[in-house]
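Protein chains in written order, with the working numbering: chain A, 1 to 345; chain B, 1 to 395.
Among the clues, some could well be false.
Here are the computed lysine-lysine pairs in the BS3-like style, where the Cα-Cα straight-line distance is at most 27 Å [said to hold, decoys possible]:
1) B/Lys16 to A/Lys13
2) B/Lys23 to A/Lys336
3) B/Lys281 to A/Lys333
4) B/Lys281 to A/Lys336
5) A/Lys333 to B/Lys361
6) A/Lys333 to B/Lys16
7) A/Lys266 to B/Lys361
What the hints contain is simulated information worked out from the structure, not anything from laboratory work. Bear in mind that the values here come from a model prediction, so they are computed numbers and not experimental data.
So you can see what is in the structure, the chains are spelled out below.
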Amino acid sequence: MNFVFTDEQLQFKETIKSFLAQECTPESIRLGWKENSPFNQKRWDDLISLGVIGSNLSEEDGGLGVDQVALTLMIEEMGYSGLPEPVAEQNFLINDLLDIFPKDIKGALIDKFDCGSKYIAVAHSQNPHPLFVNQSNGLILLDDNSCHFINKDDLKFKELKSNDPSRSLSKILSIKNSIASSDNFEVLNQAMASRGSLLSSALLLGLAQKMLDLSSSYVLDRNQFGKPIGSFQAVKHMLADIAVAIEFARPAVYRSAYSLNENNPKSFLHCAHAKYMSIKAAELACRNSIQSHGAMGYTWEMDLHIFMRKAWSLIACWGNDDSQQDIIFNTLKSSKDEIGVLYTF
Amino acid sequence: MHLLKKETLILKMQIKFTEAQEKFRNEVRLWLQDNLPKKPLQSLDTQEGFELHREWERTLDSGNWSMVTWPKEYGGRGLNLIEWLIFEEEYYRADAPTRVNQNGVFLLGPTLMEFGTDQQKNKFLKAMASGDHIWAQGWSEPGAGSDMAAIRSTAVHEDGFFTINGQKTWSSRASYADWMFGLFRSDLSSERHKGLSFILTPLDLPGITVRPIPQLDGEPGFAEIYFDDVKVPVENLIGKEGDGWKIAMATAGFERGLMLRSPARFQQTAAKLLALYLENKSECSPAMQSKIVDAWSKSESYALSIYQTASHLMAGGSIGSESSLGKIFWSELDYMMHETALKILGASAELVDEEKHNGAKWIKGFMFSYAGPIYAGTNEIQKNIIAERLLGLPR
């Protein structure tokens, strides 16, 4: 038992953190909104050069073989900066599943689309409106019983407007010439749902931390009754509650990443747990952050909503807290193992 | 430029037990099976129950199980924090008796390890492990609760003795305990956090009056202690005179954090709650499911967090105000789980005869869970600490 990150894992986190602090500022995000093109191709290309996009591909597939835990730490930073590009999605839903996709589909992904660099969108029952289809080179679509890969030119889609201007969504109208397979479908479907839960959990953790940091700094600056509002206990306690919720969501998220890495048979449960805990933290972060900002928090001008909007979207995608609860409950009630201290590891 | 270097990819994180740790777990389990009292002990807050619990401490000590992390010379096994957590897991899994000496082994013990002299360690740790000295805590006073720096009880140093005067209150276990560790003002001209000293005193010295206070469950779980010119030898001072606040804060850290509230207790409560729900499912509203899941999820998270903290400490890290986060989390969780259990039991929840009703334990636990957000520093004080020390907000 050694629940600590390696220096290497932390180094990945720090690398992407400092890149994003420079390249993914609220100003740059707002510029993307204004120009109606939130996907910043230059930033995506820089992330390729940095090795982030293909980081978790195996070395033989042209990646670095970064493990799921390091990846999760990196994705937390993507949440923290509000990164609009679907890097976390590509990392977990394409790269990490490469060996689970049916053979023909894996072949197509590797041969034609160089998935270390080209973006592939994903549609799944838990994520019915794929992100940035227009910027993609194709789509992975899971329907009720099979997995499809569709070339972008063979897709007909309609763009949908999201409440989060950083997310460009689409509705798939029709597909043709898809490579389809139902091999190993149940496994793939569950593996994708787990990874969707995990990546959205990691993003939510980062978003919640960002909202807490923005609020902590706002309440230091804002004066009322002749002193910073952050000196009032009612305000302090709202922010302390967020800190508590984040603190106990974090280890659940890291454990679920480790669990995927270990092919733990309970990883589906662990990912549901991670998402459940991080939704609770993010919801509280949204509510208490806007409250501590007062009317300023309700404006378009204040940056808080950049992160709040993304959190609202991610809470709903890849299974909200109610559906994660169902997964947890059904697992616990039908478990053949003793629930309690022996169940955790 | 490629900032990610691939020669660095070694996965050393290990979130599972080693074979040696599993073997240790098994050893604990077998010992508990062979040595546990045949039937549950009477409440430790009765005179008789207290002595039965002291006997149990002696039994634990006879197997060197009193505090596995302590060095062997003091009755421990020299094991690490992970092994201690495993011990606790088996302990709660076996429903073993409450540790009557938890003020000693979990709070004062680690404090002595850090601040005590060799002589003090020799004198107190072994007697603590064996249950010969059962400890009470003497911090709060009538005028110093959440505002602990308002302590007014005095300890005047003269001719090799401290002369103690004043009053302590809410002192858990003091009704029957042998010793007390307390915080006293040794510099009479000092104010607030300065000039306090951390002093150990036997509770049977002349001039000490202990007045038990019945708690919510009717039993005298805590007491008031009056000091009237009580002479305590200066060897009983821990650390330096005037360093009391710093030492007490370290002790409080143990109390809020992983020592006193290891996760096993909450995980087992969550498991029992699930079992209670499944037994009574036909009478429960579907809305109850969500509470059961919440209980399991939070106790699981707490366990993961504590294992992460223990690993961090073993790797040479330290914790400070972070223990306040945990104190809020476990105390709220404990309350929520007991409240849920009472809802499942419905109108039977108030039936308290443990021999006749399976559910009778829950209401007692429920009442005790109300104490969690109060003791070891109220949750409101913890939130102030988090806001001021972790989030950087002004006092």
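These are the hints, each one checked on the structure:
| no. | hint | in the structure |
| --- | --- | --- |
| 1 | B/Lys16 to A/Lys13 | 23 Å, holds |
| 2 | B/Lys23 to A/Lys336 | 23 Å, holds |
| 3 | B/Lys281 to A/Lys333 | 11 Å, holds |
| 4 | B/Lys281 to A/Lys336 | 18 Å, holds |
| 5 | A/Lys333 to B/Lys361 | 23 Å, holds |
| 6 | A/Lys333 to B/Lys16 | 23 Å, holds |
| 7 | A/Lys266 to B/Lys361 | 32 Å, violated |
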